[in-house]
Each structure stands twice: as C-alpha cells, then as structure tokens.
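In case you want the letters, here they are:
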Amino acid sequence: MEKLRLVRCATVIAAAMMASTALAEPKGVLRVAVGADPATFDPAFNDLPVANGVDLAVMDGLFRLDAKNNIQKNLATDYAWSPDGKVFTVKIKTGRKFSNGDPLDAAAVAASFNRLLDEKVGSIYRGLYASLGQAKAVGDDTVEFHLSEPNGHVLMLLANTAASIVNVKAVASMGAEYGRKPVGSGPYMVEKFVGGESFRLVPNPNYAGDFPATLKAIEYTVVPEDGARMALLETGEADVVERVPPESMDAINALKDAKVINPPSMFSINMELVLRGPLQDVRVRKALNMALDREGMTKGILGGLGTPSVGMVGPGTQDELRRTFAPIPFDPEGAKKLLAEAGYKPGSLTLTMTCPMGRYIKDAQVCQALAGSFEAIGVKATANVVDRGTWSKVVGLDPAARTDNMGMVGRATAGMDYTLYRLFKTGVGANRTGYSNPKVDELLAEGRSTTDLAKQKEIYGEIQKIIWDDAPFVFLWYQTQALGVANKVQGLEVQPNETLVFDKVTLK
Amino acid sequence: MSIPRRLAQAIPTLFIVSLLVFFFMDMIPGDPAQMLAGPGATNEEVASIREFLGLNQPVMTRYGLFIKGLWDPSVATSFRTHRPVAVELAERLPNTLVVAVGGLALGLVVGTISGVVCAMRQGGLAEAAITVLTLAGISMPIYWLGLLCIWLFAVHLGWLPAAGAATPMHFVLPILVVATRPTAMFSRLITANLLEALSKDYLDTARAKGLSETRVIIGHALRNSLVAAVSVAGVQFGGMLGGSVVTETVFGIPGVGRLLVDAVTRADYPVVQYTILMFAIFFVLINLATDLITQWLDPRTRDHGRTA
Numbered sequence: 001m002e003k004l005r006l007v008r009c010a011t012v013i014a015a016a017m018m019a020s021t022a023l024a025e026p027k028g029v030l031r032v033a034v035g036a037d038p039a040t041f042d043p044a045f046n047d048l049p050v051a052n053g054v055d056l057a058v059m060d061g062l063f064r065l066d067a068k069n070n071i072q073k074n075l076a077t078d079y080a081w082s083p084d085g086k087v088f089t090v091k092i093k094t095g096r097k098f099s100n101g102d103p104l105d106a107a108a109v110a111a112s113f114n115r116l117l118d119e120k121v122g123s124i125y126r127g128l129y130a131s132l133g134q135a136k137a138v139g140d141d142t143v144e145f146h147l148s149e150p151n152g153h154v155l156m157l158l159a160n161t162a163a164s165i166v167n168v169k170a171v172a173s174m175g176a177e178y179g180r181k182p183v184g185s186g187p188y189m190v191e192k193f194v195g196g197e198s199f200r201l202v203p204n205p206n207y208a209g210d211f212p213a214t215l216k217a218i219e220y221t222v223v224p225e226d227g228a229r230m231a232l233l234e235t236g237e238a239d240v241v242e243r244v245p246p247e248s249m250d251a252i253n254a255l256k257d258a259k260v261i262n263p264p265s266m267f268s269i270n271m272e273l274v275l276r277g278p279l280q281d282v283r284v285r286k287a288l289n290m291a292l293d294r295e296g297m298t299k300g301i302l303g304g305l306g307t308p309s310v311g312m313v314g315p316g317t318q319d320e321l322r323r324t325f326a327p328i329p330f331d332p333e334g335a336k337k338l339l340a341e342a343g344y345k346p347g348s349l350t351l352t353m354t355c356p357m358g359r360y361i362k363d364a365q366v367c368q369a370l371a372g373s374f375e376a377i378g379v380k381a382t383a384n385v386v387d388r389g390t391w392s393k394v395v396g397l398d399p400a401a402r403t404d405n406m407g408m409v410g411r412a413t414a415g416m417d418y419t420l421y422r423l424f425k426t427g428v429g430a431n432r433t434g435y436s437n438p439k440v441d442e443l444l445a446e447g448r449s450t451t452d453l454a455k456q457k458e459i460y461g462e463i464q465k466i467i468w469d470d471a472p473f474v475f476l477w478y479q480t481q482a483l484g485v486a487n488k489v490q491g492l493e494v495q496p497n498e499t500l501v502f503d504k505v506t507l508k
Numbered sequence: 001m002s003i004p005r006r007l008a009q010a011i012p013t014l015f016i017v018s019l020l021v022f023f024f025m026d027m028i029p030g031d032p033a034q035m036l037a038g039p040g041a042t043n044e045e046v047a048s049i050r051e052f053l054g055l056n057q058p059v060m061t062r063y064g065l066f067i068k069g070l071w072d073p074s075v076a077t078s079f080r081t082h083r084p085v086a087v088e089l090a091e092r093l094p095n096t097l098v099v100a101v102g103g104l105a106l107g108l109v110v111g112t113i114s115g116v117v118c119a120m121r122q123g124g125l126a127e128a129a130i131t132v133l134t135l136a137g138i139s140m141p142i143y144w145l146g147l148l149c150i151w152l153f154a155v156h157l158g159w160l161p162a163a164g165a166a167t168p169m170h171f172v173l174p175i176l177v178v179a180t181r182p183t184a185m186f187s188r189l190i191t192a193n194l195l196e197a198l199s200k201d202y203l204d205t206a207r208a209k210g211l212s213e214t215r216v217i218i219g220h221a222l223r224n225s226l227v228a229a230v231s232v233a234g235v236q237f238g239g240m241l242g243g244s245v246v247t248e249t250v251f252g253i254p255g256v257g258r259l260l261v262d263a264v265t266r267a268d269y270p271v272v273q274y275t276i277l278m279f280a281i282f283f284v285l286i287n288l289a290t291d292l293i294t295q296w297l298d299p300r301t302r303d304h305g306r307t308a
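Taken in sequence, the protein lines are chains A and B.
Every letter in the first sequence is one number past the one before it in full-length UniProt numbering, and letter 438, counting from 1, is 438.
Every letter in the second sequence is one number past the one before it in full-length UniProt numbering, and letter 46, counting from 1, is 46.
Hints may be right or wrong, so weigh each one.
[As the list claims (entries may be wrong)] For lysine-lysine, the following DSSO-like pairs were computed, each having C-alpha atoms within a straight-line distance of at most 30 Å:
hint, chain 1, residue 1, chain 2, residue 2
1, B, 68, A, 120
2, A, 345, A, 393
3, A, 256, A, 504
4, A, 181, B, 68
5, A, 136, A, 120
6, A, 362, A, 73
Honestly, the hints are just simulated from the structure, not real lab data.
The structure presented is a predicted model; accordingly, all values stated were derived computationally and were not measured.
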C-alpha cells in the first residue's frame, strides 16, 4: 500500500515535470485591469508604464531590462566602442522577422533609430536619444551609431522600451494606426485594440528569440476608477489589477484567492527646491530636511506605500552605480537650531510649495503634512495644490521665472547619467532648481564620457554624495508599487518603473 | 418655424462656441508640449515638441486650422495619438449614446408609470414608497450610487460584470444607474401635472363620452402632462452627455466623456475643442427635437408658430 502510494506519487511528479518541460506551448489567458488608458503603443510617443509593458512584450530592442532593471542582450549579440568613443557598434542576430514577416535586419534597426531621431517625426524622446547621432547599417548584422558626443551610457538608452525596434515600413503604411497595432518582433503581438476599453495580446508566430510567449493571450481592460478596478479582482474578472490604493490593500489581502504584491519602485518623490533667497543657504535646506518624520508619513499617509529616501535616485536606477546613505533623522530641535544659525527667527521665513493632485500617491495630503511639519520648526509654509496642467507648467519653469519656493516632483528614469546630468548640471534646460556646483559639473561631464564601469561607479558615487549633502531637494521617499494578483498567477514580475514583465508568467 | 431656418439660426451660436472653446483652451494653464515631454525634459526639447505640434503659429492661423478641421479631419489630429479627432470621437460616441439614450428611455418609461400610479393612488402605500425612492433618486450622487451598485450586483450577488464595455451585459448597470435621476424627475413631474389635469373639465367631458377611466388618463390627461416632460427630457439628455464623464469613469466605459477628461488632463487641445463643439451641436439639435415633439404633442404651439 505504502509502496503503491509512493509509485503514484512518483508518477504525479514525473507528470508534473513533463508538463513543465512541455511548457513551450503557450496556455492560459491572463486578464489585467489597468488604470491608465494607453493612447499609443508607438515607443516614440508612449509615456505610460502600461504601454511600456506592452512594448516589452510586442517589440524587441537591441537590449532589454530584466525585472530588476539590469541590462540584458536581446537582439544584440555583441557590442563595442571605437577607441575615440565616437562610434558604437552593435552586432545583431540574423534571420529574425517582424510579426508581419518583414525581415528584421541591420537596415531595419537603423531605420527605426533614425525615425526616433528625426525631427519631423516629433518623438517625445528625440532629445533623450540625441547623443546617438545617426544609425547606419553595415551589412545585414551590424549597426553603427555615429554618436554626436561620447556617451558611456548608450547601453542604458538602448535597453529602454523607447528604443524598441519599430517596423518603419509598417509605420509608413499604417500611419497613426501603428500606435494601436504596432508591428514588432517580440514574443507577443497586439491582436485587438478597442480605444479606452481593452486590448489583447497573442503570441507572435514569427518570434524566434529567447523569451517565448508562455500565455495564449494577455487581455487588458482599462478601468480608471480605483474602486471599480479592485472589484474586478474580487469578482474574478481580472487576474491582475494595477495600482491598488492604500485603503484597499487590506480588503484585497483578505480575499481567498488573491493578494497584494509590493514590488519596489524607482519613483523618487521629492520637494525640489528653487535655490534662491533663503534656500541658497544649505543650513536652511538641511533644516527643512530634518523637519520631517518620513517614517510616520509613509505609514500614516501613504499606507505603507513608501520607503524613506536614502539617496536622490530611487532603487533600480542602475543599481550598480547607485549609492545610498543613512536616512535623514527626524530632528525638529536640530532643525530649529540650524535655522537660528542661518539667522532666521521662528516665523520669519515664509515658503510656498506647488503640489499636484492625483499624480503621486496621496500627493495633496502629503503637502498639507509637509506644511505642518515646516510650521513645527517655525517656517510658515503654504501648500498650493493645483491641477495637473498648472503643476506641469510651474515645475517646468526656469528657476528665475518661478514665484514659488519648491515643487513636488517624482523622478523615475532608468539612467543615472540621465537623471543627474539633467537635474544638477549647471545651465542644462531641465535643471529646475538652479543648482550649480563646479565640482558636480566636472564629474558629470567625466562620467558621461567614460565607458569604464569601475570609474563610473566612483564618479557617480561622489556626485550622489555631494547632492545628498547639498540637499537641493527636500528628499521624501521612494514610492512602493501595489498590485493585486490572483494566486493562480505565477511568475509575474514588475520592473521598478512599473512595467509588467510577462517572460515567465504561467497560470496554475 | 421651418427646420432649415432653425438650423440656420444655430450657426451664430456655434460660431461663438467655437471661439470660446478655442480661446479658453488657449488661456487655461498647461502647455501640451511640456506635458508630452514630461518633467525631465529640457527647455530645448519642449520647444522642439511645441514647434512640431504647431503651437508656435500665430493664434489666428491656429483658429483657422481649427475651423478647417471641421471638414478636413486630417488637419484635426490628437496630440497624443496622432489619429484624426473625428475617428476618436466616432469610436467612442456609440458607447456614450447607448448609455444616455438607454438611461433616458428607461427613465421615461419607469418614471411615467410610477408617476401615473402616484397620481391615481394618492395617499396610498405605493405613493409613499415612490415618493421616498424618487427623492433618493434625485439626491443620490451618480458616482456613489454607481460604486454601491457595483458592490451589490457585481461583487456581492455576482449577477453583472463590474466594469468594462465588452458585452451588452456591461451596459446594464450603467444604464440602470444613469436612469435613476430622469426616472425620479419624470415621476414627480408626471404626478404633479396629472393631478392638475385630473381636475380639468375636459376630462369630465371624456368620461361623459363613456370612456373608461384608464383611457381617460392615458389618452387625454397623460398626453397633456407629457408636454412638460418632453422639454425636461431634452434638458436631461443634455445633462446626461455632460454626466457621461462621471459614469464612464466609474464603469470603465470608453465613451466621449472619458475621452474628454483624459484629453483635458493631458492638454490634448484638439480633442477637447472638437468634443466640446460636438456637445454644443448636440444641444442645438436636442433643443430643436424637443420643440418639434412639443409641437406635435400640443397643437396650440403649432398655431402660435403660424400666426407669429
């Protein structure tokens, strides 16, 4: 009897193993409910994490990011810089095809990049990729980038979904419809797109890469209202729901067959200061930083969906280059002392802040709490909570044109160079604080031109240390993601930039 | 008054609306290029996107293009999707109309029936119940009622899908929820008008002809009460198009209302401008339709039209 059971057990295990080796056949339909409505999947214009996930599944890049934002080769087999750092050469896999059967050769890759860089196309990422210069196909399997300036961060740029390879021929014939049914070479393709309502991905029969489709279909439903979206998980109409609000986490965790997962997010939320008047004094900036009980705020206001900052850039922003520091202590007394040292009596300093509503988790409430905390160290602070249009206008102004003293902004970019160069280099048109430090400028230029990882690590470590000490921001926290996932979903991964990764997803 | 003449009269109205939507959109804060570029963009990148979107052209040129877009859809494209706004609207409009027309029709039928019941059974239990329900229907915010209905019918009872628009079943809850307000309004209105009409002499004439009480009410009293209901229905229908913004967000229906909200938050000017203009055209047409129906129901207004 005992033996028989053992035998039976062994058969079950063997069957299970057979099943897992036979997994190559895609099966099951994953249903995902998302809050944001992707207007386009065209990587040159998309700016939503939902569509990043679709682009990752539907298109191939030369490189890609894994669930931890580490760079992996995808179409690329090898790469090299020219000795002067001006030409970056990538060898690609041969014999690959787009989902419509068109060949994906070096010429197609070069055409895709030249489209992204073409001023007439008007891509929102043209500036970001401008340093790629021009792409040239050499034979069938080699692409050369003739860089407009030496850039040691090309890999990071190429691994982003914005650099996914687009079938330029299909774009020419489809026009704007390409944004709905993009022709790529990824494991899936968009089968159906109903604007504002739903879209469906199915396996791409022409796929020949390393991340084959595991699911028969991925069905997305767009439901902007939080409560209604959560209800879809409760009724079993969805297997994954995006953006669980803090107040719904307990209810979802109480469900029998679903729970909340909390992957880290690279979204670094800060009050970015305008470095003028009293805020030019580092003591005042430090005092503001010490006035906050970040631990209490992330628990009390964000419902746990935040981790107090230990550095300007969030986790997943090139972790190999990222440096973290001791959390800033909550020390109102010390803050008052610093203010006194800087010559400000309690009540003599008045600051205004600009905050968005509904852009970041509990942003408006956070701003009220910040005003209260500043009040407690004797700084009069007013929180201006404004609509999205006004907010993006104000935080996008040059420091000289700003009338407020700080603005709440979240930053999530895959690149260390991208983030730090834009935010802290003197005179760069995206530097909204007016921060200027010759040492940092020098290091940023050096870091951009070097291709040596060890050297980059040293340079960017030093920059991050200087920024942390100079405190041009009131550092707050990194947001934490919250997704409701049915227990039957296995292997779902989420990148720190909120992109869903379907590589290993199976349904039990 | 003839229909073509009425339509011609609407042209100045629509011209003023076009001016308002175009210039208000220009005045409200927010820069579409800045929003598309994101907070990490440099001034130069924003400027290049602004140039690409054509926002650097003189304001009169842009207004001219806006008007040209009314008959040439290729000029009027969304900033975000680059598809013609006409295509975007055509795709979303049926969903909005299904909910609005469905809600209005349901409200008209249920409201009329409950209104008649109320008028005929004054002081009864039915009247009390209907009065309470209509009061609730008028006062309940659609947003809250929608979430309550999702909880009851989708989560708790599991009868209907919670959100989305994939099948006809998905439209049942939104229509029910949207119908509450018109139902309540019509019910009240019909009751009040019927009660007034019931005391009129012409009903005694009808009864004296030997008609049954039901035929007296349906054929004579109700017909007169409907005149007021039709003009309210016109206003309600317009309100429902505006209210679609809320309903469509709660139930995840891809309609014009949500398209408009998304476009406003993303500063997609062309979509906002043409959508509002389309709503204005609808209002003009609805008013025309209400007038025509009223004329048909009430011969007196026809005579006024002729003598005037």
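Going through the hints against the structure:
1. B:68 x A:120: holds, 22 Å
2. A:345 x A:393: Violated. Residue 345 of chain A to residue 393 of chain A sits at ~33 Å, over the 30 Å cutoff.
3. A:256 x A:504: holds, 24 Å
4. A:181 x B:68: Since the Cα atoms of residue 181 of chain A and residue 68 of chain B sit roughly 29 Å apart, the hinted pair holds (cutoff 30 Å).
5. A:136 x A:120: holds, 19 Å
6. A:362 x A:73: violated, 38 Å
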